[in-house]
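S.K.: What follows is each chain in one-letter form.
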Amino acid sequence: EVQLVESGGGLVQPGRSLRLSCTASGFTFGDYAMSWVRQAPGKGLEWVGFIRSKAYGGTTEYAASVKGRFTISRDDSKSIAYLQMNSLKTEDTAVYYCTRVMGSSWSPFDYWGQGTLVTVSS
Amino acid sequence: DIQMTQSPSSLSASVGDRVTITCQASQDISNYLNWYQQKPGKAPKLLIYDASNLETGVPSRFSGSGSGTDFTFTISSLQPEDIATYYCQQYDNLPPTFGQGTKVEIK
Numbered sequence: 001e002v003q004l005v006e007s008g009g010g011l012v013q014p015g016r017s018l019r020l021s022c023t024a025s026g027f028t029f030g031d032y033a034m035s036w037v038r039q040a041p042g043k044g045l046e047w048v049g050f051i052r053s054k055a056y057g058g059t060t061e062y063a064a065s066v067k068g069r070f071t072i073s074r075d076d077s078k079s080i081a082y083l084q085m086n087s088l089k090t091e092d093t094a095v096y097y098c099t100r101v102m103g104s105s106w107s108p109f110d111y112w113g114q115g116t117l118v119t120v121s122s
Numbered sequence: 123d124i125q126m127t128q129s130p131s132s133l134s135a136s137v138g139d140r141v142t143i144t145c146q147a148s149q150d151i152s153n154y155l156n157w158y159q160q161k162p163g164k165a166p167k168l169l170i171y172d173a174s175n176l177e178t179g180v181p182s183r184f185s186g187s188g189s190g191t192d193f194t195f196t197i198s199s200l201q202p203e204d205i206a207t208y209y210c211q212q213y214d215n216l217p218p219t220f221g222q223g224t225k226v227e228i229k
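Protein chains in written order, with my numbering: chain A, 1 to 122; chain B, 123 to 229.
No lab work stands behind these hints, which were simulated from the structure alone.
Remember, it's a predicted structure, so these values are computed and weren't measured experimentally.
One should not assume that every hint holds.
[Stated by the list, open to error] With a straight-line cut-off of 30 angstroms between C-alpha atoms, the simulated DSSO-like cross-links for lysine-lysine are:
#1 B:K225 <-> A:K78
#2 B:K167 <-> A:K43
#3 B:K229 <-> A:K43
#4 B:K229 <-> A:K89
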């Protein structure tokens, strides 16, 4: 059974950093691209970014709203994807979901974690 | 970025009703269109990918159609467990973008 478990969320002050982890199980992690999607309280879904599998270069893409502040990485030996968030802003407050990417592109997102809440506030 | 416009924003229907949601893309996205269901307090779930392909394990009362800029999502017979918000999402171009969601309630 495919499982994605996010961790690392919490309350953080504006301008500070936070790193989220996504621990995967039930599939060959290294074969898949992984993506992060967020949802601000009471709002819709917003794609944050993704990392390709090593077979496709392991490169990353980001939403304009987080580019230069957020970094996605992966450790295939541990089946973990990371989202390093720097220079956090109040508008980054959201539930952050880790997703598996179906196929060789950047979507669809066929499995989702339960989400972890990040609150950016002073 | 490609804009995705869903309608309606919300709807109320009776159990057994046929429910239809539309999604319009701001430019041609071929069939690179997915539909997700999000129940309150839960993560989204993929229902339909590539406009019309039913994800494994998803009940056959859910279906999708369309190509280009206009897409339709249908629940053929609404069930109480279908209460949720439904999102369309395109992935023809980066960044992948979502519609604003359609909240489905039971009348």
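S.K.: State for each hint whether it applies.
M.R.: Structure-based check of all given hints:
1. B:K225 <-> A:K78: Given that 30 angstroms is the threshold and the Cα spacing comes to 38 angstroms, the pair is violated.
2. B:K167 <-> A:K43: holds (17 angstroms)
3. B:K229 <-> A:K43: holds (23 angstroms)
4. B:K229 <-> A:K89: Since the Cα atoms of K229 of chain B and K89 of chain A sit roughly 40 angstroms apart, the hinted pair is violated (cutoff 30 angstroms).
Going through the hint list in order, the structure does not satisfy hints 1 and 4.
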